[in-house]
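Enquirer: Residues per chain are reported as follows:
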Amino acid sequence: MSPLAQLLEAALFSAGRPLTAEELATLDPDANAADVRVALEQLREHYDFNQHGVELVELAGGYQVLTRPVHAAAIERAQFSVRAPKLTAATLETLAVIAYRQPVGRVAIEEIRGVSAGGVLRSLQERGLIEVVGRSEALGRPLLYGTTALFLELLGMRDLAELPKAEELTIALRPHLPTSEGEDDAAAYVEAES
Amino acid sequence: MTATDTATLPEVPTTAFGAGFVVELEAFSGPLDLLLHLLREEELEIADIPIARIADQFLQAVHELGLNQAADYLDMASRLVRLKAQMLLPRGSEEDGWEDPRAELVRRLLEYQQIREVAVCLGRAADKRAEQFARGYLPPPPLLPPPPLTLNLFDLLAAIDRVIAGIPSPVLHRVVARPLDVESATRRIEDLLLDREEIRWLDALGSGATIVDVLSTLLALLELAKRGSLRLVQSTPFCPMVIARESPRPAA
Chain B
433 MSPLAQLLEA ALFSAGRPLT AEELATLDPD ANAADVRVAL EQLREHYDFN QHGVELVELA
493 GGYQVLTRPV HAAAIERAQF SVRAPKLTAA TLETLAVIAY RQPVGRVAIE EIRGVSAGGV
553 LRSLQERGLI EVVGRSEALG RPLLYGTTAL FLELLGMRDL AELPKAEELT IALRPHLPTS
613 EGEDDAAAYV EAES
Chain H
156 MTATDTATLP EVPTTAFGAG FVVELEAFSG PLDLLLHLLR EEELEIADIP IARIADQFLQ
216 AVHELGLNQA ADYLDMASRL VRLKAQMLLP RGSEEDGWED PRAELVRRLL EYQQIREVAV
276 CLGRAADKRA EQFARGYLPP PPLLPPPPLT LNLFDLLAAI DRVIAGIPSP VLHRVVARPL
336 DVESATRRIE DLLLDREEIR WLDALGSGAT IVDVLSTLLA LLELAKRGSL RLVQSTPFCP
396 MVIARESPRP AA
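Chains as they are written, first to last, in my numbering: chain B, 433 to 626; chain H, 156 to 407.
Isolated chain B (complex conformation) (with noise of 0.2 Å):
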C-alpha cells in the first residue's frame, strides 16, 4: 500500500463516522482528489484481496472501514457490539415519504400515511435522521423536513439516488380511474366472493 493509503487507512480508523474524500485530501497537502481516490480504490481491493474482516464501504457521501456482514452474528453473539435496532413501520413510512417529497411539510406527510405524524417527526428529528430544511410559502410557514446524512448511513446508502426508482416501484403513481358504468358495488361484490 502506498503512504498516503496507509495514512487514509489510519484516519479512517481513527473516526468514528463515513469521512469525505474532501476531508480526506486534508490529510496530506500534496495529494489531490484523484489521489486520495486512488489511494482508497488501493485500501478497498487490499481489505478485499488479503481477506480482511473488516472492508471499506462507501456510504453517506463519505467512506467508512465497516466489519464485514459474516462476523455479525459472531461479535454480536460475544456481545462485543450490538446492531442498530429494528425501524417501525410508522418510522420506516415517515422516513420514505420524507426521503421521496423533500421538502415537504407535516401536513402532506400525514394525508399519504393517514395518521397524525407530529410524534414520530419528533422522535426522527431527535435521532437526526431528519431536519428542519425551511418553511413552506403557505399559511403560517410550516416547517419542511429533510432527510440527513445520518439517514443514509443508517441505511448504508451513498447518497438518494439509491433509492428504489419510481418506475423500479410495482405501484406507479399514476391516477388510476375506475373503469366502466355497470361495474357497481354488487357487480364486484360478485365478482370477489367467485
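Mixed in with the good hints, there may be bad ones.
[To be verified] Pairs of lysine to aspartate or glutamate residues, derived as EDC-like cross-links and limited to a Cα-Cα distance of at most 16 Å, are as follows: (1) Lys518/B / Glu508/B; (2) Lys283/H / Glu585/B; (3) Lys381/H / Glu345/H; (4) Lys239/H / Asp255/H; (5) Lys381/H / Glu338/H; (6) Lys283/H / Glu490/B; (7) Lys597/B / Glu266/H; (8) Lys381/H / Glu401/H; (9) Lys518/B / Asp282/H; (10) Lys597/B / Glu272/H; (11) Lys239/H / Asp211/H; (12) Lys283/H / Glu487/B; (13) Lys283/H / Glu594/B; (14) Lys239/H / Asp203/H; (15) Lys283/H / Glu508/B; (16) Lys518/B / Glu585/B; (17) Lys518/B / Glu286/H.
No wet-lab data here; the hints were simulated from the structure.
Just so we're clear, the structure is a prediction, and the values are computed from it rather than from any experiment.
Given chain B, put chain H in place with the hints provided.
Expert: Using the frame of chain B, we list chain H on its own:
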C-alpha cells in the same frame, strides 16, 4: 365513553394519554394500512373497492381491535360511511360527468401502498447495514483552535511589510491655543469713537497688529455694528472702510 368502558377493553393499554399513539405499536401503522390489509385479505382490487362491504368490515375491525379511540381511524371510518352513502345515490352515465366518489380513496391507497413498498426497501437496507459494525462510539472531538501557522521568517517579514504598507500615512495637525481678545479690541474701538466721529480701519487696528489682533478687531467691529454702536461705511468697493459713530437709536 366513560373511563370504566375504556378499562373493559383488553386490547387497548389504558394509559393516561389516550390511545392515539398506541395504534402504531399494534399490528397496523394507520387506517390506510388496515384498509389495505382488509382488501388483501379479501383479494379485492384497489381500483374497484366494494365500498359498502369494506366500510362494514373496517368498522368491525376498528371495533374488534379496540382502535375506536384513535381519531385517525374514526376519520377514515366516517369517510367510508360517507362513500358508502354516495355509492347508493343514483348516478348517470359517464357522459354526464359522473365522477367515481371512490377515486380519491383509490388514489390515496395506491400512493400509500407505494410508500409501504418503499418503506420495506428502506427497512431491508437498514437491516443490511446493521449487519456491519463501525468503530464503537467515539466522543466527538472537542472544538479545537485552528492549528498553529507554519511559516518562515521571510514570510512573516513580508506579511509585516504588507500590513505596514496598508497603513495610511497620518495627517497630523498641531493645535495651538491663540485666544482672540475681542473684549479689549471692543474697548479700544469704543474709546477711539468717543474722541472722534469717524475712524479708519488702520486706526482701529493700531500699530504693530498681529494676525490675532486683526481678527479680534474685525470681530469686535462686527459685533459693535450688530449692536448698533457704530456704522461700517464703504463708499465704493475696495475703498478704505470708514467706521462711524452711530448715535444711539431711540428705543423702539
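Enquirer: If a hint holds in the structure, say so; if it doesn't, say that too.
Expert: Quick rundown of the hints versus the structure:
no. : hint                : in the structure
1   : Lys518/B / Glu508/B : holds, 15 Å
2   : Lys283/H / Glu585/B : holds, 12 Å
3   : Lys381/H / Glu345/H : holds, 14 Å
4   : Lys239/H / Asp255/H : holds, 12 Å
5   : Lys381/H / Glu338/H : holds, 15 Å
6   : Lys283/H / Glu490/B : holds, 14 Å
7   : Lys597/B / Glu266/H : holds, 14 Å
8   : Lys381/H / Glu401/H : holds, 11 Å
9   : Lys518/B / Asp282/H : holds, 7 Å
10  : Lys597/B / Glu272/H : holds, 11 Å
11  : Lys239/H / Asp211/H : holds, 9 Å
12  : Lys283/H / Glu487/B : holds, 14 Å
13  : Lys283/H / Glu594/B : holds, 14 Å
14  : Lys239/H / Asp203/H : holds, 13 Å
15  : Lys283/H / Glu508/B : holds, 15 Å
16  : Lys518/B / Glu585/B : holds, 14 Å
17  : Lys518/B / Glu286/H : holds, 12 Å
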